[in-house]
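Put chains B and C on the given structure of chain A with help from the hints.
Protein chains in written order, with this note's numbering: chain A, 1 to 316; chain B, 317 to 489; chain C, 490 to 591.
There could be a bad hint or two in this list.
[Stated by the list, open to error] Just a sample of chain A residues kept apart from chain B, beta carbon distances all over 10 Å, derived:
{"id": "1", "residue": "G12"}
{"id": "2", "residue": "V106"}
{"id": "3", "residue": "A163"}
{"id": "4", "residue": "F226"}
{"id": "5", "residue": "P258"}
{"id": "6", "residue": "L281"}
[What the hints assert, rightly or not] Listed next, with one range per pair, are the computed distances between beta-carbon atoms:
{"id": "7", "chain 1": "B", "residue 1": "E460", "chain 2": "A", "residue 2": "P284", "range": "46 to 52 Å"}
{"id": "8", "chain 1": "A", "residue 1": "L39", "chain 2": "B", "residue 2": "L330", "range": "53 to 59 Å"}
{"id": "9", "chain 1": "B", "residue 1": "A472", "chain 2": "A", "residue 2": "V50", "range": "54 to 60 Å"}
{"id": "10", "chain 1": "A", "residue 1": "M80", "chain 2": "B", "residue 2": "Y474", "range": "46 to 52 Å"}
{"id": "11", "chain 1": "A", "residue 1": "L313", "chain 2": "B", "residue 2": "A414", "range": "54 to 60 Å"}
{"id": "12", "chain 1": "C", "residue 1": "A546", "chain 2": "A", "residue 2": "L313", "range": "23 to 29 Å"}
{"id": "13", "chain 1": "C", "residue 1": "R577", "chain 2": "A", "residue 2": "A189", "range": "41 to 47 Å"}
{"id": "14", "chain 1": "B", "residue 1": "R405", "chain 2": "A", "residue 2": "L23", "range": "53 to 59 Å"}
{"id": "15", "chain 1": "B", "residue 1": "M464", "chain 2": "A", "residue 2": "I59", "range": "31 to 37 Å"}
Just so you know, the hints here were simulated from the structure itself, not pulled from any lab data.
Using N, Cα and C, we set each Cβ at its ideal position, and we do this for glycine too.
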Amino acid sequence: MSPAGTIVLILGTLIGVLSAAALLIWVERRGLALLQDRLGPNRVGPLGLVQPLADMVKIMLKEDWIPPQADRAVFVLAPMLVLGGTLATFAVVAAGPGLAIADLNVGLLAFLALSSLGVYGVALAGWSSNNKYSLLGSLRAASQMVSYEVFMGLALGGVVLMAGSFNLTEIVEAQRWVWFCVPQAAGLAIFLVAALAETRRLPFDLPEAENELVAGYHSEYSGMKFAMFFVGEYVGITLIAALVTTFYLGGWLGPWLPPVAWFVAKTAVVVCGFIVLRAALPRPRFDQVTALGWRVCLPLAIVNLLVTGGVLLALE
Amino acid sequence: MQGLFYVSAAVAVLATALVVTRRNAAHALLYLVLSLAAVAGMFYALGAPLAAALEVIVYAGAIMVLFVFAVMVLALGREGERQESQWLRPRMWLGPAALAAVLLGELIYVLASGAAAVAGGTPVVVGPQEVGAALFGPYALGAELSSMLLLAGMVAAYHLARRKQMDEKEGER
Amino acid sequence: MNSVSPESGLVVAAVLFALGLGGVLARRNMLFVLMSIEIMLNAAALAMITAGARHHAADGQVMFMFILATAAAEVAVGLAIVLLIYRRRRTLDVDEAREMRG
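This is chain A alone, in the form it adopts within the complex (with noise of 0.2 Å):
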C-alpha cells in the first residue's frame, strides 16, 4: 500500500473508532436505560445523541487535578498506556480484504501481545495512586488479567488449527466455507468470557467495584485522565467485538453488501451483545471469577484444542 493510503487508513481508522466509542456510551446508557425501566440521557440534541459531546466538554474543563501522594510520572503514564495500547491494536484489525493498518503474518500474536501488555496501565494506575482501595483493585485487575489472558491464548488455538495461519486476513478467508463459530463454539464461548475479564467489564469489573472498592484503580483519577480510562473501556469493547468477528463470525464475509458494512454490522452485534450481558449479569466474588478460570476455562480450552488438532489431523 502506499504511504498516503496508509495515513488516510490511520486516520479513518482513528475516527471511526473514536467516534464507535462515543456513540457506543450513548447506545450503552440508553440501552441499559431501556431494559431497566429508565429514560436514560434524553436531553442534549434529538433522543439525546449529543451526550457524549457534552460530556466530553465538561470533563475536559475540570480540573486536572494529581493526588500530592501520588508517583507523579506513573500516575501520567498509566491511562495513556490504557488508551495508547488498545487503539495501537486495532492496526492489525482488518475490516475488509486489504484494509489492515499492518497486516501482520503474526497478526493474532501481536493482538495478544498489545493486550498483554495493558495489564500495565491497570496496574500502575493503582500502584502510583498510592491509595488502598485502588491498590486493591489493580492487585485485582492485574491477577484476573494475567490468568485469562492465558484462556484467550488457549481459545485461539483452534482458530489457529484450522486456518493454520497467525494473519487475520488469512483467518477471515479460511471461513469462507463454514464460520468458525460452529466447529469452535467452544473456543468463542472461552474467547467471550476471557475478552470480558480482560477488558474489565460488568460482569468482570471487580477492580473497579464501586460498592467496595469506591472505583477501584482510577479512584484517584479525574478529567482527562479519567476520561482516558473511561474511553479506553468503550474503545476496548469495540476492539474485542470487531475480533470476536474476524475470528469466528466470519469478519468482512458476507453476501450482497459490500465487505467493509458486514463488518461494521457484525461488529455492532457482538457490542450490543455485551451491552445485554452487563444488563443481565450480576457480578461474582473474586475467588468466583478465579476459579471459573482455572477450573472451567482452563480445561475447556485444552480439550477444545486437543479435538480440534485430532479431527484436524483425522481429517487430513
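Just chains B and C now, with coordinates in the frame of chain A:
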C-alpha cells in the same frame, strides 16, 4: 529493517542502563518492560517474528507482571527509595562497573577477532511453522524437560507462598 | 530488505549482559538483583536468536523458548523467596540472607 534493528538496540541499551541505576523499583520495572519490548523489535528485525511476539506476551506481559505484583505487595514507597539511595552510593559502582567493562571488552574482542567466521549471511524470516516443527521434532525432549521445569517452579512457588503453614512453624519455635 | 549483520546483534547482547552483570554485582536490593538476572537471561536469548538468524535456522528460536521457560520458573521461585525473606526480616538487603538456615 536495519533502521528498526539499530533504533531498537539503542532503546534497549539505554533502557537497560536505566533499569540497573534506578532507585524506585516500579520505575526500574517500567524501563525493563521498555527494554524487553525493544529487544522484541530487534527479534523482529532479525527475522524471528514468533520470538518477538513471545518476548512481549510471555516476558513483558507475564513474567514482568510477577515483579509488578511483588512491588505492589511490598509497597516500599518513599521509605524504600531512601534506603536505596543509602545503599547505592556512586562508590559502590566502581568495582562492578570495572568488572563488567572488562567482560564487555573481552566479549567484543572475541566477536571482532572471530568476525570472519560470523560475518556473511543476512537473516531471512523464520516463521512460526518452522519453529513449531523444530520444537516438537528434534527438540521434543527439551520441550518436555522445560514443561517439567515449569511444573517444578509452580509447585515450589506455591509451597513457598503458603502463609498458614509458615506461621505455624514460626509459632513452634 | 534485511541487512542486519549478525555480529551487531551479538555486540548488543554482550552490552546488555554486561549491564545486567553490573547490576547484579552493585545492587543490594533483592528485587533489583532479580531484575538484573532477567536482563542477563534476555541478553542470552538475544544471542541465541541472532545465531539462529545467521544460520537461517529455527533452532535459535527454539532455544529462546527454553530460555523463556527457565526465566518464568526462576522468577516464580525467586520472587516467592524474596517475599518470604521480606516477611521474616523486613528488609530486601541481600546481605541479610547470608545465613540460609531454616
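Output the numbers, in ascending order, of every earlier hint that fails for this structure.
2, 7, 10, 15
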